[in-house]
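A.B. asks: Since chain A is already given, all that's left is putting chain B on it; use the hints.
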Amino acid sequence: DGGITQSPKYLFRKEGQNVTLSCEQNLNHDAMYWYRQDPGQGLRLIYYSQIVNDFQKGDIAEGYSVSREKKESFPLTVTSAQKNPTAFYLCASSSQGVRDSPLHFGNGTRLTVT
Amino acid sequence: KQEVTQIPAALSVPEGENLVLNCSFTDSAIYNLQWFRQDPGKGLTSLLLIQSSQREQTSGRLNASLDKSSGRSTLYIAASQPGDSATYLCAVIRGGGTYKYIFGTGTRLKVLA
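Chains as they are written, first to last, in this note's numbering: chain A, 1 to 114; chain B, 1001 to 1113.
Treat the hints with caution; some may be incorrect.
What the hints assert, rightly or not - No more than 27 Å apart at the CA atoms, straight line, and that leaves these computed lysine-lysine pairs for DSS-like:
hint: 1; chain 1: B; residue 1: K1001; chain 2: A; residue 2: K9
hint: 2; chain 1: B; residue 1: K1100; chain 2: A; residue 2: K71
hint: 3; chain 1: B; residue 1: K1100; chain 2: B; residue 2: K1001
As the list claims (entries may be wrong) - Some residues of chain B that are not near chain A, with every Cβ distance over 12 Å (derived):
hint: 4; residue: E1003
hint: 5; residue: P1014
hint: 6; residue: G1016
hint: 7; residue: N1018
hint: 8; residue: S1028
hint: 9; residue: N1032
hint: 10; residue: L1044
hint: 11; residue: T1045
hint: 12; residue: R1055
hint: 13; residue: D1067
hint: 14; residue: K1068
hint: 15; residue: R1072
hint: 16; residue: G1083
hint: 17; residue: G1104
hint: 18; residue: T1105
hint: 19; residue: V1111
Quick caveat, the hints were computed from the structure, so don't treat them as lab data. Model, not experiment: these values are computed from the prediction. Even for Gly, the Cβ is constructed at its ideal location relative to N, Cα and C.
Pulled out of the complex, with its shape left as it was, chain A reads as follows (with noise of 0.2 Å):
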């Protein structure tokens, strides 16, 4: 079955340490999207990329970083940068005409730093 894998579920890391999470598709979709979800609050996004080799800041960009090599991933690295690191992140892809696509979810990966 096609979807959107992201791993790990849960992930815990040493304030200061940069982690990276991954996000799998296999849906053929060209744009994908990496958002951050908080208690109380909507999604944000991070970063979206549309193509291979392409990518730009959403929101809330600053002490992420991330890389499109593959159609397939999309990685996101969460920097020593990143004041509050601690939330729900959220990988997401739709096909090339995405203002007419629905966007798939992946399930997500809780990180907690302390």
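C.D. replies: Then chain B, alone, in the frame of chain A:
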């Protein structure tokens, strides 16, 4: 700046009741609107997508309507079941070249058996 509001934040209803969830947005210049369902600790599942030129979309017991001029959308759930218990979120995307969805904070629904 586009803002999306969902009221109420939480709702409990007895099984079998028909119910309406509300979504309001401040800028009517949207391209489409999506309704999602989120189960605890899970990702979002797209339920319905309404293009700006459409007034409503239906899928099974779900019906979503869109009134751009008033900045409102409603999600109607018929004959609610305990399995419908989840958080329901709406999101809008502007016209133009943007690829950014703006999400509401959701309505947490509990259907009591």
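A.B. asks: Now look at each hint and say whether the structure bears it out.
C.D. replies: Cross-check of the supplied hints:
1. B/K1001 to A/K9: Roughly 33 Å between the alpha carbons, so the hint for B/K1001 and A/K9 is violated.
2. B/K1100 to A/K71: 20 Å, holds
3. B/K1100 to B/K1001: 12 Å, holds
4. E1003: Violated: least Cβ distance 9 Å, not greater than 12 Å.
5. P1014: Holds: least Cβ distance 27 Å, greater than 12 Å.
6. G1016: For B/G1016, whose nearest Cβ neighbour in chain A is about 29 Å away, the distance exceeds 12 Å, so it holds.
7. N1018: At roughly 25 Å from the nearest Cβ of chain A, B/N1018 sits farther out than 12 Å, so the non-interface label holds.
8. S1028: Fine: 16 Å to the nearest Cβ keeps B/S1028 off the interface.
9. N1032: 6 Å, violated
10. L1044: 4 Å, violated
11. T1045: 7 Å, violated
12. R1055: 17 Å, holds
13. D1067: 19 Å, holds
14. K1068: 15 Å, holds
15. R1072: 17 Å, holds
16. G1083: At roughly 18 Å from the nearest Cβ of chain A, B/G1083 sits farther out than 12 Å, so the non-interface label holds.
17. G1104: B/G1104 not clear of chain A: closest Cβ-Cβ about 6 Å, inside 12 Å.
18. T1105: 5 Å, violated
19. V1111: 22 Å, holds
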